[in-house]
Amino acid sequence: MNDRSLARAFSLLLRRDLVINFRQRSECVNPVLFFVIVVTLFALGTGADRALLLSMAPGVIWVSALLASMLSLESIFRSDFEDGSLEQLLLSAHPVTVLVLAKVTAHWLVTGLPLILVAPLLCILLGLSGEGLETLILTLLIGTPILSLVGAIGVALTVGLRRGGVIISLLVLPLYIPVLIFGTSAVQMSAAGFPVNGQLSMLAALLALALALAPLPTAAALRMSLS
Amino acid sequence: MGSPPHFYRFTGKILPWLSLLCALLIATGLWGGLVEAPADYQQGDSFRIIYVHVPSAWMSLFVYVVMAVCGAIGLIWHMKNAEVIAISSAPIGASFTFLALVTGSLWGKPMWGSWWVWDARLTSELILLFLYLGVIGLYAAIEDKRTASRAVAILALVGLVNIPIIHYSVEWWNTLHQGPTVTKFDKPSIHVSMLIPLLLMAGGFKLFYLISVLIRARGELIERESNSNWVSELLEKR
Amino acid sequence: MLMSGPDQQQRAEPGLTVSGLHCSRDGRDLFKDLSFRLRAGELLVVEGRNGSGKTSLLRILCGIRMQESGSINWDDSPIGELGPLYHQEMAYIGHHDGIKGDLTVAENIQLAKALGKPSGTDLQTILKRLQLSGYNEVLARALSAGQKRRLALSRLLATVSRLWILDEPFTSLDRRGVEICEQLISSHLTHGGMVVMTSHHAMELPGVEITRLRLS
Chain S
1 MNDRSLARAF SLLLRRDLVI NFRQRSECVN PVLFFVIVVT LFALGTGADR
51 ALLLSMAPGV IWVSALLASM LSLESIFRSD FEDGSLEQLL LSAHPVTVLV
101 LAKVTAHWLV TGLPLILVAP LLCILLGLSG EGLETLILTL LIGTPILSLV
151 GAIGVALTVG LRRGGVIISL LVLPLYIPVL IFGTSAVQMS AAGFPVNGQL
201 SMLAALLALA LALAPLPTAA ALRMSLS
Chain L
228 MGSPPHFYRF TGKILPWLSL LCALLIATGL WGGLVEAPAD YQQGDSFRII
278 YVHVPSAWMS LFVYVVMAVC GAIGLIWHMK NAEVIAISSA PIGASFTFLA
328 LVTGSLWGKP MWGSWWVWDA RLTSELILLF LYLGVIGLYA AIEDKRTASR
378 AVAILALVGL VNIPIIHYSV EWWNTLHQGP TVTKFDKPSI HVSMLIPLLL
428 MAGGFKLFYL ISVLIRARGE LIERESNSNW VSELLEKR
Chain A
466 MLMSGPDQQQ RAEPGLTVSG LHCSRDGRDL FKDLSFRLRA GELLVVEGRN
516 GSGKTSLLRI LCGIRMQESG SINWDDSPIG ELGPLYHQEM AYIGHHDGIK
566 GDLTVAENIQ LAKALGKPSG TDLQTILKRL QLSGYNEVLA RALSAGQKRR
616 LALSRLLATV SRLWILDEPF TSLDRRGVEI CEQLISSHLT HGGMVVMTSH
666 HAMELPGVEI TRLRLS
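If you read the protein sequences in the order shown, they are chains S, L and A.
Quick note: the first sequence, position 52, residue 52 per my numbering, numbers continuous.
In my numbering, each number is its position in the second sequence, counted from 1, plus 227.
In my numbering, each number is its position in the third sequence, counted from 1, plus 465.
Excised from the complex, chain S in its bound form:
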């Protein structure tokens, strides 16, 4: 098929997923609520010491974002697997990798973007402000799409399993570590007044790598799950 019909398929699939999510709003609110609650729990669990919370803020927010993102991963392919739409995607006239990219993009818009929108609120709760807050938003903006892209591999591998939920954390979380490291350290450094170009460009490089490579194993894993 030509590029125009491919672009059409991409945008239609993207829009389709957004429409479906809009019609089942509760599903995309849950990860955000989870994100907020986990951060609150950290504050409660550590005794709400302002200095301690501030020093922990980047790590706490990033780890919570990681977990929230992981919890929402299943929704990328689960319902499509159950109702047979996934078969139709694999049998479409277009490269599966591009369709995977459309689905992951939709997933990020629905679950990743809301996390970034509520992050400033959480920063206020943890006392993080100014430079640190700006950098945090920036790192989340570059980092959360990586989580969705890499996470999609994990879901694709486990979507055929009845209890894929537990194993997926074991598959995906170790792969999230570089994002966590560069994301948190950028926030810490910028809060301390240092330049953070290095971390940001590392994150950007990881995003480029994930965009280029992650759809390949995802497509292969989807084929495996359906066979």
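Rather than coming from a laboratory, the hints here were simulated on the basis of the structure.
A couple of the hints might just be wrong.
If we take Cβ atoms under 8 Å as the criterion, some of the chain A residues that face chain L in the derived model are [claimed, not checked]:
{"id": "1", "residue": "Asp491"}
{"id": "2", "residue": "Gly492"}
{"id": "3", "residue": "Arg493"}
Please read all numbers here as calculations on a predicted model, not as lab measurements.
We put the CB at the ideal spot given by N, CA and C, even for glycine.
Model the placement of chains L and A on the given structure of chain S, informed by the hints.
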């Protein structure tokens, strides 16, 4: 080597010889390392744990690479032997990784005064263990073993791409948080009388891996091909 | 892209060629040394008991499932190498309808069009042929099982596919639905299409020669 029955017969023949060679290497390596080699002038006798620690750390990475490469071969050319070698490698690799972690921690106690320090290498090793556990868990979760092999191969390849990234990021994180301290495992130079036993041990570990992966692969093959003719012939001979 | 029109008529059309197909599940052979050929205008009905591997065969023909050995060629090229080039000439209706409950009937059809090689048939005509007129804006989950199945069949009209692979297409269709589906199949065959299908129903397809393949 392509067909399972041939693989089974061939490995059955070479296994005793491999075991003999492996026992020889490990025995001389241990003798050289524990008896012949002089004590370290700084660390005393506690350095001798490197004869287990270093080879297992080397093996932990080596086995992962073997697993990913065999997985890829199985994925692309649908070779059953490669598939079973890939999955049989996972528990062995995980054990080597675990051994490297435990010995590293034992070694660290007199050095650092605590059982665990977030040293870059130990941390990387810990994450490698998680990657192995993911592979093992995924294989166990999928019922159809051929499908499971494909899943594991994809995961191992993704892991292989990620290992350098994870390693680099952990190293970077470590220098950031602890400053440029000299890690205890970086020996600027090592005396020949210490090095030779180390190399012998490394060779012995490689052979040990080869032996155990072959034994596991043979078992796995028999289980998977239990309905085929060559397995029933094998059973009749008994 | 393979263009339609005169170009296609000039070319030889061997269609689907299957040879030496071997498939096993859990170490048990479902079928072995299966070979057949399907040319333009031919209908192949796969028969056999439950668990004889009918669905597995159809999924292998789609390229979703992997065979142990043997080859499947489409116009003389292995389907594995063709990939999307094969899929754009093929439509599959499986056990699952493959429609999204949270999308309307019209949206579902639009998506099916975008994923395949869209046919010129407009939405109203498709709905009319499937007797779903007036349901454009209804969410698919509000449809009855038979209506959902008909909506799944809309894929056959919304895209141009030479090969139809239909796994129990008559499931949950009432008598009228079965007639509609039979009409679709026979008109596809008379236009030079190919169909591979499984079915528990006896079919009434006047003027169509049915090749039967029995799996045991």
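Do the hints match the structure? See the list:
| no. | hint | verdict |
| --- | --- | --- |
| 1 | Asp491 | 7 Å, holds |
| 2 | Gly492 | 4 Å, holds |
| 3 | Arg493 | 7 Å, holds |
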